[in-house]
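Protein chains: 2
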Amino acid sequence: MDKVAVDAMGGDLGPRAVIGGCAKALAAHQHLSIILHGDEAVLQPLLSGLPGAARDRLSLVHASDTVSMQDKPGHVMRHGRETSMWSAIAALKTGEAAAAVSCGNTGALMAVSMLQLRRMEGVSRPAIACLWPSRGRHGFSTMLDAGADVKAEAADLLAYAIMGATYFRNDFDEPRPRVGLLNVGTEEHKGRAEIKAAHDLIARHQETGRYDYVGFVEGSDLPDERVDVIVTDGFTGNVALKTGEGTAKLIGEFLGETFRSGWVPMLGGLLARRALTRLSQRIDPRQVNGGVFLGLNGTVVKSHGSADATGVAAAIGLAAKLAGSGYRGRMAERLVIAAQASQDAPKGDGA
Amino acid sequence: MDKVAVDAMGGDLGPRAVIGGCAKALAAHQHLSIILHGDEAVLQPLLSGLPGAARDRLSLVHASDTVSMQDKPGHVMRHGRETSMWSAIAALKTGEAAAAVSCGNTGALMAVSMLQLRRMEGVSRPAIACLWPSRGRHGFSTMLDAGADVKAEAADLLAYAIMGATYFRNDFDEPRPRVGLLNVGTEEHKGRAEIKAAHDLIARHQETGRYDYVGFVEGSDLPDERVDVIVTDGFTGNVALKTGEGTAKLIGEFLGETFRSGWVPMLGGLLARRALTRLSQRIDPRQVNGGVFLGLNGTVVKSHGSADATGVAAAIGLAAKLAGSGYRGRMAERLVIAAQASQDAPKGDGA
Chain A
62 MDKVAVDAMG
72 GDLGPRAVIG
82 GCAKALAAHQ
92 HLSIILHGDE
102 AVLQPLLSGL
112 PGAARDRLSL
122 VHASDTVSMQ
132 DKPGHVMRHG
142 RETSMWSAIA
152 ALKTGEAAAA
162 VSCGNTGALM
172 AVSMLQLRRM
182 EGVSRPAIAC
192 LWPSRGRHGF
202 STMLDAGADV
212 KAEAADLLAY
222 AIMGATYFRN
232 DFDEPRPRVG
242 LLNVGTEEHK
252 GRAEIKAAHD
262 LIARHQETGR
272 YDYVGFVEGS
282 DLPDERVDVI
292 VTDGFTGNVA
302 LKTGEGTAKL
312 IGEFLGETFR
322 SGWVPMLGGL
332 LARRALTRLS
342 QRIDPRQVNG
352 GVFLGLNGTV
362 VKSHGSADAT
372 GVAAAIGLAA
382 KLAGSGYRGR
392 MAERLVIAAQ
402 ASQDAPKGDG
412 A
Chain B
62 MDKVAVDAMG
72 GDLGPRAVIG
82 GCAKALAAHQ
92 HLSIILHGDE
102 AVLQPLLSGL
112 PGAARDRLSL
122 VHASDTVSMQ
132 DKPGHVMRHG
142 RETSMWSAIA
152 ALKTGEAAAA
162 VSCGNTGALM
172 AVSMLQLRRM
182 EGVSRPAIAC
192 LWPSRGRHGF
202 STMLDAGADV
212 KAEAADLLAY
222 AIMGATYFRN
232 DFDEPRPRVG
242 LLNVGTEEHK
252 GRAEIKAAHD
262 LIARHQETGR
272 YDYVGFVEGS
282 DLPDERVDVI
292 VTDGFTGNVA
302 LKTGEGTAKL
312 IGEFLGETFR
322 SGWVPMLGGL
332 LARRALTRLS
342 QRIDPRQVNG
352 GVFLGLNGTV
362 VKSHGSADAT
372 GVAAAIGLAA
382 KLAGSGYRGR
392 MAERLVIAAQ
402 ASQDAPKGDG
412 A
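Those protein sequences? They're chains A and B, same order as listed.
Going by the working numbering, the first sequence opens with residue 62, and the numbers climb by one from there.
Going by the working numbering, the second sequence opens with residue 62, and the numbers climb by one from there.
The reader is advised that the hints may include incorrect statements.
No copy labels: a pair is met if it fits in one copy or bridges any two.
What the hints assert, rightly or not - Pairs of lysine-lysine residues, derived as DSSO-like cross-links and limited to a Cα-Cα distance of at most 27 Å, are as follows:
no., residue 1, residue 2
1, Lys251, Lys310
2, Lys251, Lys382
3, Lys257, Lys133
4, Lys212, Lys257
5, Lys251, Lys133
6, Lys251, Lys85
7, Lys251, Lys212
8, Lys85, Lys257
9, Lys85, Lys133
10, Lys133, Lys382
Hints are computed from structural coordinates only; laboratory data are not their basis.
Okay, chain A solo, but in the shape it has when bound:
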């Protein structure tokens, strides 16, 4: 059984959407069991509507309090012990669950996860990895950090390269992922100082991390076939992720207007409807919902705050898959080798 702890509260659509997602995930994965964390008085009535088969693999742990989207991470770290988010992560720490999922406040989730699970050796900034629809061989690329931290030094970016490559290798069965470093141009002389330093570090550690480094990539390369893993700081990554989502949504709206602009295009849209539905699924962020926290001693998946049942189910499915894969052990090994190599290496400034 893959046991996943789910924070039932804190998503924009409330616990009903989360429980709907649990039901979908339980129906899709026979070896999944879920521990739901949240307010019993709210959740118990919602559970009664579930089919018996799903109900058997779902248990409930009461938590009286909820983290809101407005709560500051520091506040939750100090006063959040009674929240459903804290409780879900605690289940990971005690080993009751093998992975945890929450739709709640990203900053608070990262803070609570770091506090309880601690960082892996060699990691000073954990990262959030997300999937990006791509024209590449696997249909997706991975970008990290998508928003765990607003800054990243060169050593952090190297850790992201190693973590991202391990994650991508695990998820897509790709022996040698190609890693690119996000910059404002592909020429060697461009970018900020920490990015130029990271460029050298990531190139030097290709064998440690078992990836091929393709060099600098630009925003337009995020869906490109020449790269599998895109490394960047969490500020830039978060802006890129939301810009991509926003652009896709805008074009979707424009496309809808196009087909409603007269009866001839409307007929065209009807004829192409099934193909267009497949297209919208292909670029629907709900289908690949879930940012994975990398660099912690535990597997935490952050679902989109506005995720509906389909989105929540995708995040739970991802958590279950990761829980069973053992990727963290392999990641830890490579991070330790890279950290040791950096300590042993002569410093670039001649010291």
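Position chain B relative to chain A; hints supplied.
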């Protein structure tokens, strides 16, 4: 006559595309005249193909050298006096032209422009402003900096707000543009230190800059109706711009595959063809081609390096429009007021 200096060399598609763009622009704008800068031996034969009406309003200034996409800005500043790029900007400085256009190396163009034209008073980092397709009232938003500098301090971001608002007001006849500051969330406590400082500065200078400040915005808000001008540093802005373009291109490709996936969707696509063409024009970056350099004593438009004749014509049209508008005088006034207010104001740290 609106006189525009055009750098004929340095675009990815070579001088033929630039001259094609000149011909299109001359045909579309009766009050436009163009001074073409570049290698006479290359350009003269290409010009002979132009219609006489266009040829009459086009003159040629010889420049023997060309800036390549690989040249470093510093190198061009020291050794670039014989290049077509330098020559086009010099025509602005001497007053022979009222605006300049180049498809060449962005970093070199900014460096050469700063060196010859100098920065406006109160501006320490000039910026590149670009247009973004939007669901807002004017169909576009403006984002800056799209990549002039990889860094921006709080005072730079305030200057971007003032410059962007003036530019947007001029371009869309909008008395009170709404300004937003790009961040990883809309909550007050999020983001980097310089962004929190800029948040306060931009809010304080709403009357100086004659804009309404809507606060923090996210990547997904770039096409949103609640904001007209999006302010960010040039690293983040460049990644966002290219991510948006890359996403639009990917969806366009997926859409093409959708309509080719069988004969029923193909028939649908044929019926909707005219409406789909209008859609692709609406999101085609060539139609709004041209990043405008703001904060210099002269109007310089950077066309996309890969621009074809349609794209080059759009950039020249934009330059001509700006040249005649007098927006720089109004911008200069507000920048000076803001700079003086910052000097007079008590420092936040109590000094």
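| query | In ascending order, which of the hints set out earlier in this document are inconsistent with the structure? | reply | Structure breaks hints 2, 6, 8, 9 and 10.
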